[in-house]
Structures are given as structure tokens and as C-alpha cells.
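Each protein sequence line maps, in turn, to chains R and Y.
Residue 65 in the UniProt record's numbering is what sits at position 65 of the first sequence, and the numbering runs on without skipping anything.
Residue 159 in the UniProt record's numbering is what sits at position 159 of the second sequence, and the numbering runs on without skipping anything.
Possibly wrong hints are sitting among the right ones.
Stretch by stretch, here's where chain Y covers chain R in the computed footprint (C-beta under 8 Å, at least three residues) [as the list claims (entries may be wrong)]:
id, segment
1, 52-63
2, 164-172
3, 209-217
Heads up, simulated DSS-like pairs for lysine-lysine below, C-alpha to C-alpha not over 25 Å straight-line [said to hold, decoys possible]:
id, chain 1, residue 1, chain 2, residue 2
4, Y, K278, Y, K205
5, R, K217, R, K188
6, Y, K385, Y, K278
7, Y, K385, R, K233
8, R, K218, R, K188
9, R, K53, R, K153
10, Y, K76, R, K153
11, Y, K134, Y, K372
12, Y, K134, R, K153
Distance ranges between label pairs, derived from CB positions [what the hints assert, rightly or not]:
id, chain 1, residue 1, chain 2, residue 2, range
13, Y, W207, R, D231, 48 to 56 Å
14, R, L110, Y, S213, 17 to 25 Å
15, R, H61, Y, E396, 21 to 29 Å
16, Y, E154, R, E219, 41 to 49 Å
17, Y, M303, R, P102, 43 to 51 Å
18, Y, Q158, R, E219, 23 to 31 Å
19, R, S55, Y, F221, 53 to 61 Å
20, Y, A170, R, A227, 27 to 35 Å
21, R, S55, Y, A106, 53 to 61 Å
22, Y, F221, R, L105, 16 to 24 Å
23, Y, W387, R, R154, 30 to 38 Å
24, Y, A384, R, S55, 51 to 59 Å
25, Y, M140, R, K53, 29 to 37 Å
26, R, A227, Y, A106, 51 to 59 Å
The set of hints was computed from the structure by calculation and includes no laboratory data.
A virtual CB, placed ideally from N, CA and C, is assigned to each residue, including glycine.
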Amino acid sequence: MDLRSLLRPASQLVAPLRHLAAAAISSSPSPSSALLVVPLISTRGHKTTARTKRSLKMAPHDSFLPSRSAAFPAADQIIYNPPASEASPEHTPFIFLPRNDPRRLAILRLRNNNTFSDPSSQPSSSSSSSPSSTEAAAAAAGDGELPPEMRYKRRQPKYNLTKEHIDEMRRLRAEDPLTWSVQRLARKFECSTVFVQMAAPAPEEHLRWLRAKMERKKERWGPIRTAAREDRKRRAEMLYRGEL
Amino acid sequence: MKRIRPSRWSGQLLQARRGAGIPAARTPLCLAVRCQSTSSVPASDSSTLDSSSSASPPPAPPLPAPSFDRAPQSAKLAALHARLSLSKKIPLQTLARALVTPSADANPNFNNANLAYLGSTIINFHVYEYLVCKWPRLPMAILYEALRAYAGDESLQQIARRWGVEAAAAPGEEVDPGLLQWKAGESNVVNTRWGYIRSEAAKGKAWRRGLSSRVVLDSDFGDQVSSSSSSSSSSSASESERLEYNTLQSEAFGSVVQAVIGAIYTHCGRDEAKAFVKSHILSRELDPSRLFQFKLPTRELAMLCAREGFEPPVARLESETGRLSRTPVYVVGIYSGKEKLGEGTGASLDVARRKACMTSLKAWYLYSPGNKVRVPSDMMEPGAKPWTAPHIDIGEII
């Protein structure tokens, strides 16, 4: 510290002299003046920014950069950079962008440029994901390169019931709720069970009887099954909180 | 010697006045009494009182908190002032006042209640405008929680602790004025929460409290304002006591941050206060995607698509591995027409589909116009560019 504080004014003193010496060197090289100058230059080679930021700034490896030469899976490869990761909700899909968003215009322009490949679709499925059903395959073929549809229960409204149907449904349910259960009524009238429960609710004593039956059934459960049920409920909550 | 006691008070009062700038309009009756006593005291008396600790009067009733004339001598206060790099315009006395909570000193002319309320309005304003401009589609419940994450008492307590604010073991006259003066168990004298007390609150907790009424009736954070804050009549007494202690503590520490910002606004003005809020509160990182909790994500997404006029969402199996193994992995994408909305992975087809729905919903809610959004208060700067309206969403999915 002391040495440096001493050196600094000394070098400042020498600085104009050094210029003179440099001028002398350029005009006529003399070894004595060069010897005089060299040991007095006390500069730190790397300032803090240079050490901590600039020298550490390296270009990424080529494999990290997306190759725009071909459509997405350019060739069979093992290393994917960046590696597969969970989709981030920070990324807004195209149709969720509002009308005046500049990203929307940019994506539209990009799509118009290369009309061959749709950038949003085209997944990479090297595993054997063979569509089991024929209609899924047909749907996939109709959609072009989209992956196969999953088969799950979803709402397909038919609106086929009239007022007479509903009156009939109510009558049957009130008459004999045991035989005309929710499932059976739904099958008969070709509607969903939820609709039957809304349109023709069972009489109160039948519901009470059902609840008591369920209670009796639950009492017979052992500790393992009870715990498993509770865990399943807890797991669903965690899933909806995004913790799973 | 009888005159000395009021003069002591007046000396403190004069100091506080010079430093803290008490609004004259808000002085309650008790202060008026003190003012009269000030006028009767000769001026020389107050000058001696500035170095008053040497001349010891007979033991007066001790002050509830350290007097302001000791503020310039406190190393802790000076250190805090320097650490926050506050402007020279803010005197140490004001900083000392910011550290006195209403639980220590109930007199509103000597505690930080007014400054804290001013500061909390400034903080909430800046955080709200930032949140609304940054994520214009956040649902109201998430917006409340995001505000709480930035400007709630717990977060402000963390900020205050990082500033190096420490609490005194017990508030009192002899304590260093650089320590936070608060004690638990004292009922809050000054209510700094604004909202309406609901008439149906007496009907019990079963009464429905919808979000729209929370916007109108409740406090800034959507919390219910109750007439009596004592709700400690639950079964586990020690647990609730600890909870209440923690709440009071975070409230006390949070009020310091609010009061400091209120003081900056009072002494230095709007722009300084905004810069301070930006660098100390808005600079903290918050991931709003972790605040969500869904009930029926598949149905919500279907309703969103119906409302916006998109094609109904369809789940498609993008890839899978190990269907017959113990640990299968399915990757499911949600598509609306040919557009992909989101993607999720799970160990079962159902879980993967629901996760994909949640991702798509989050992608909708977390739409952001960009990282550098302009907020309305940017227009108050001189030479601001003309205002372009931010994206305003039509509202939540019902």
C-alpha cells in the first residue's frame, strides 16, 4: 500500500519524461533511455472489470445455438442443447398474444416466410408412440403433423332432451330411485350423469340412505386404504398448486 | 423546580418539530396543552436542554421512547442513514421517529404511524401500478397475493432486517434511538388499515366473501378489516400467541420501512421516493407462476377458449416412454386448432393432461408486454415520452 502510494506520484512525475523518451526512441533508438523507462511503468494489467466480467465473457459452444439450416430435427442426434425441460409459463403462445403485441406481428411474418413448416407443432417423438385407434390416426392424418389426440372423457353437448323427457326422467326417479339410478337414466336418455343429477335429483330419503351406505362402506376400510385415499386427495391438491 | 418538567417536554417537542415536520393540522388536544407550556418557557431554557443529559432534573415520569434530542448522538442512526444512502435533507430525528412504533409510544406526534401510513400508500401505489402493467391479466386474488409478496408486512420485515434494523429489548427513554422501539401485547392505538367493517362479519365465517366485495370493502391486500383485532380465542393458546407475536413483530418492522419511505417523500419529494421504492422493494424477485392454485384447470381452459373464440382445447400425446414400466413419462400438449397452448409431463396420462392445462392457463394469465414496462408514474418525470396505453385485459375467466 505504502509502496504503491509512493510509486504513483513517482510515475506521474516520470510520465512527461517518458513521452520525451518515447519521442527520442522514435527518432533515434538509444538503449539507455529505454532502460530508464521500463521499470518505472507501474500499471495493473487487469482492472477489476476486465478480470471479473470481460475475460469471463465467452461465446457459447456451437451446439448451444439453434441451427436454422433445416426443420427442427435436422438429423438424428443424442445431444440436445438446450436440454429438454419443462415448458415455461413465461412463454406466451401465439394465440394468447393480444392484437397489438409486436411479438404477434413478428411470428406472423416468420410464418409467412417459411410456409412449409409450422413452427408451433412438429414434436420430436423418437419413442414408439403408435396411435392405438384408427380414428386417432385418421385425425392425425387430417391435422397434418399434429401428434395423435388423446382419448379422454370430454363434454359433447347434444341438446336432445325436451321438457317431456325431463318430466319422464323425474317421474321415473321419484318412482323407484333404486332401479332408475343415475347411470341407468343417463343411458336411457342419452345424456350425461351430471345432467341427470341436476335435472332429476333423487328424493331426500334415498340420498340419506346412499350416504349411510357409503359411511358403512368407509368403516370397513382398513388403515392402508384410508391412508391411500387421503394421500390421493393430498396429491391432487399439490398438483393443482403446481408442487408436483 | 416545578417548571422544569414541562420544559423538558417542550425541548423534546421543539426538536421533533424542527426535524420531523409534524403537520400542524393533525395535532390533537393533548399537544395543544404542551404547546402552551412551550410558550411560557424562556428561550434560553430550550437551548440548555439541547445538551440536557448532563443537567439531571428530579425523576420525571420516563418517556415511553427515547427523546429526539439524542438522535444526533446515536451511532446506529447515523450508520443506518448512511447505509441507506439517504439524502442529507432527511434529518436523523426523522429517522429516529421512524423507529418508534405506536406500540411503544401512543402519541401520534412522536411515533411513526403517520409516516408509515404515508409510506404504505406510496409503496402500494408503485407496486400496484408495476404489477398491473407488467402482468395485465393477473386475476384479482393473485394480484392481492403478489402485492403482499412485495409490500406485505413479512416482506417489509425482511427488508428492514436486511437494512440492519434491530429491535430494542424493551422500549424506553434510556434506549439507543437507533433501535426499533416496539413491544408485543399492546393493542394498536392507531389503525393504519383502511377499509369498511362489514356488517355481516357478525354472522360468522360461513358468510360468503366474494372477490368483488373484497375490492370495494376490504383493505389494500384484500384482507378483512375487523372492528377488534383480537381474534386469539382459539384452542391452542400458545400457538395462536406465537402467531400473534409474529404478526405484531412483522407489523412493527414493516412500519419502519414504510415510515422511511414516508419520510423520503416528505423531505425529498416524489421522485426520490419512487426511486427508493424501486430499488428496495420492486427489485426483489417474485415468481408469480408459483402463486396459482387451480380447481378445475381443464374446465377453466375450455371456458377461456370459448370466451376468446378459440377452437376448443384438445389434448394430444406428444411423446411417451415406458408405458408398461413402473415409471412411465408422458408428454402431453394442449392444442387449440393447430396452435399449441401448453405442454405438461406426468407419470400418468391424466396428470400430464391436467398439468398441461395448468401450464396453458398460466401462460394466459402471465402474459406480459415486456420486461421494461412503462408505468403511469413515469409520466411525472420531466421530458417523458408521450404515453401509450398499456394492455388492459377484459377480466378473469368466470
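Against the structure, the hints come out as follows:
1. 52-63: violated (count 0)
2. 164-172: The restraint on the segment 164-172 of chain R is violated, since only 0 of its residues have a Cβ under 8 Å from chain Y and three are required.
3. 209-217: Contact hint for the segment 209-217 of chain R vs chain Y: violated, 0 residues under 8 Å.
4. Y/K278 / Y/K205: The given pair, whose Cα atoms are some 38 Å apart, is violated under the 25 Å limit.
5. R/K217 / R/K188: 28 Å, violated
6. Y/K385 / Y/K278: With Cα atoms ~20 Å apart, Y/K385 and Y/K278 stay inside 25 Å; holds.
7. Y/K385 / R/K233: 53 Å, violated
8. R/K218 / R/K188: 31 Å, violated
9. R/K53 / R/K153: Not satisfied, since the Cα-Cα distance of roughly 56 Å exceeds 25 Å.
10. Y/K76 / R/K153: 67 Å, violated
11. Y/K134 / Y/K372: 8 Å, holds
12. Y/K134 / R/K153: The hint is violated at about 37 Å.
13. Y/W207 / R/D231: 48 to 56 Å: 33 Å, violated
14. R/L110 / Y/S213: 17 to 25 Å: 46 Å, violated
15. R/H61 / Y/E396: 21 to 29 Å: Because 44 Å falls outside the window, the suggested range is violated.
16. Y/E154 / R/E219: 41 to 49 Å: Since Y/E154 and R/E219 have Cβ atoms about 44 Å apart, the given range 41 to 49 Å holds.
17. Y/M303 / R/P102: 43 to 51 Å: About 28 Å separates the Cβ atoms of Y/M303 and R/P102, which means 43 to 51 Å is violated.
18. Y/Q158 / R/E219: 23 to 31 Å: 49 Å, violated
19. R/S55 / Y/F221: 53 to 61 Å: At roughly 47 Å between Cβ atoms, Y/F221 and R/S55 fall outside 53 to 61 Å, so the hint is violated.
20. Y/A170 / R/A227: 27 to 35 Å: Roughly 49 Å apart at Cβ, these two residues miss the hinted range, so it is violated.
21. R/S55 / Y/A106: 53 to 61 Å: For Y/A106 against R/S55, whose Cβ atoms are near 60 Å apart, the range 53 to 61 Å holds.
22. Y/F221 / R/L105: 16 to 24 Å: Since the Cβ atoms of Y/F221 and R/L105 sit about 38 Å apart, the hinted range of 16 to 24 Å is violated.
23. Y/W387 / R/R154: 30 to 38 Å: About 45 Å separates the Cβ atoms of Y/W387 and R/R154, which means 30 to 38 Å is violated.
24. Y/A384 / R/S55: 51 to 59 Å: 39 Å, violated
25. Y/M140 / R/K53: 29 to 37 Å: Since the Cβ atoms of Y/M140 and R/K53 sit about 43 Å apart, the hinted range of 29 to 37 Å is violated.
26. R/A227 / Y/A106: 51 to 59 Å: 53 Å, holds
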